[in-house]
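K.L.:
The primary structure of each chain is shown beneath.
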Amino acid sequence: MVGVPQRLFGDVVVNEELPDLNYEVTATTVVLGALATRDWRPMHHDKDFAVHRNGTRDIFLNTPNQAAWFERYLTDWTGPHGRLARVTFRMKGSVFPGDTMILRGVVESTEVDEVGCGFASVAVTLSVDGDTKTTCAARIALPMSPDDNPWARRGDQWRPSPTQP
Amino acid sequence: MTETDDVLAGVLDLVGKEQYHEVGEFPVERGYIWTSCSSVENGNPLYWDDEVAEALTGGPIAPPSMVSVWFRPHHWAPGRTQEALPLQVHFDLKERFGLPEAVMTDNTIEFHTPVRAGDVLRTHQVLRSVSEEKTTKLGAGRFWVIDVVYSNQDGELVAVESYTGFGYRRAEAT
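Here the protein sequences come in this chain order: A and B. Numbering-wise, the first sequence is residues 379 to 543 according to the numbering used here. Numbering-wise, the second sequence is residues 833 to 1006 according to the numbering used here.
Hints in this document: simulated from the structure, not taken from any laboratory. Backbone N, C-alpha and C fix where the C-beta goes; we use that ideal spot for every residue, glycine too. It is possible that some hints are incorrect.
Away from chain A, derived, C-beta distances all over 12 Å, residues of chain B [unchecked claim]: (1) Asp-838; (2) Lys-969; (3) Leu-970.
Pair by pair, the computed Cβ-Cβ distance ranges are [claimed, not checked]: (4) A:Glu-489 - B:Gly-863: 31 to 39 Å; (5) B:Lys-966 - A:Asp-534: 31 to 39 Å; (6) A:Thr-441 - B:Leu-989: 44 to 52 Å; (7) A:Glu-489 - B:His-906: 35 to 43 Å; (8) A:Gly-476 - B:Glu-850: 28 to 36 Å; (9) B:Asp-837 - A:Gly-476: 50 to 58 Å; (10) B:Arg-928 - A:Asp-534: 32 to 40 Å; (11) A:Ala-501 - B:Arg-928: 31 to 39 Å.
Here are some of the chain B residues that sit facing chain A, going by a computed Cβ distance under 7 Å [claimed, not checked]: (12) Pro-877; (13) Val-884; (14) Thr-967.
Using the sequences plus the hints, can you model the full thing?
P.N.:
Put into structure tokens, the structure is as follows:
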């Protein structure tokens, strides 16, 4: 696996900003995203339906495809060893063709759990023209050392949610 | 006991019970994994390079965020007479409480055992809680939390998706 990038838990700093991802959304982005997530609902491919039935200005990105965008954004940063543990989404507005969406993330905290797995909690926002459209609070595991692999954890060694205090 | 009390008691009786056990309509397949990665330009070598997949995950897996993809029904299937609704418990609650509108306020997914090509996933729904009547700027109604639990053919837990819904009657209703 020569050349596979790997961000280690120890490389992560609280308040660190992840690189922005800018993407120009087209009708193809929306339709491809809907079909890739098996979401056949018309407001994600039929502009007439979206405008006249949903009252939106155009077709818009569906939630499961936004989840895929967030995951890609996070693993672009961690590399393939990064293992997504938990995500919480809040939808505040829609993303339409013609929008340039910007994904931004900041590390809010880091934690090594009881079984020695290192996690970063990252707050990601998807915005268009400065308006937040979706927020995603993510918890992602990173390797503790170059030989560690969060994907190898099974059963009780993998705890995707933080222990309740 | 009023009729509302009866409805509420009936709903509270469902809290914690497994409902709507379903099996995915098709096995997890790599074509969909690549289509999904392509749709968001996800170049993670874990999904494109079999050597990386072998080294990290013992073979190809699906991106965790795809978990709900494996449960969306085909647009058409032979013999189907009505549209299959995902998250049936949510629609049941709207009907039982007589609340015509509903929004999902947030959605959390916790990821466990990775999903692999060839897996046939199973799911069931569990109502976790129902609130007292509350009034928000949308209207008067109730909040509820529903878990969708996904497991694989070996009974391993794959993911738990938690939805918070708010079913309501519009504030401006006459």
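K.L.:
Hints first: check each against the structure and report whether it holds.
P.N.:
Each hint, compared with the structure:
1. Asp-838: Answer for Asp-838 (chain B): holds, closest chain A Cβ roughly 34 Å.
2. Lys-969: holds (14 Å)
3. Leu-970: holds (14 Å)
4. A:Glu-489 - B:Gly-863: 31 to 39 Å: Between Glu-489 (chain A) and Gly-863 (chain B), where Cβ atoms are some 37 Å apart, the hint holds.
5. B:Lys-966 - A:Asp-534: 31 to 39 Å: Given about 38 Å between the Cβ atoms, the range holds.
6. A:Thr-441 - B:Leu-989: 44 to 52 Å: violated (22 Å)
7. A:Glu-489 - B:His-906: 35 to 43 Å: Given a distance of about 41 Å, which is inside 35 to 43 Å, the answer is holds.
8. A:Gly-476 - B:Glu-850: 28 to 36 Å: violated (44 Å)
9. B:Asp-837 - A:Gly-476: 50 to 58 Å: At 51 Å between Cβs, range holds.
10. B:Arg-928 - A:Asp-534: 32 to 40 Å: holds (38 Å)
11. A:Ala-501 - B:Arg-928: 31 to 39 Å: 36 Å Cβ-Cβ, so the 31 to 39 Å window holds.
12. Pro-877: At 5 Å from the nearest chain A Cβ, Pro-877 (chain B) passes the 7 Å test, so the hint holds.
13. Val-884: The hint holds - Val-884 (chain B) has a Cβ within 7 Å of chain A, the shortest such distance being about 6 Å.
14. Thr-967: violated (21 Å)
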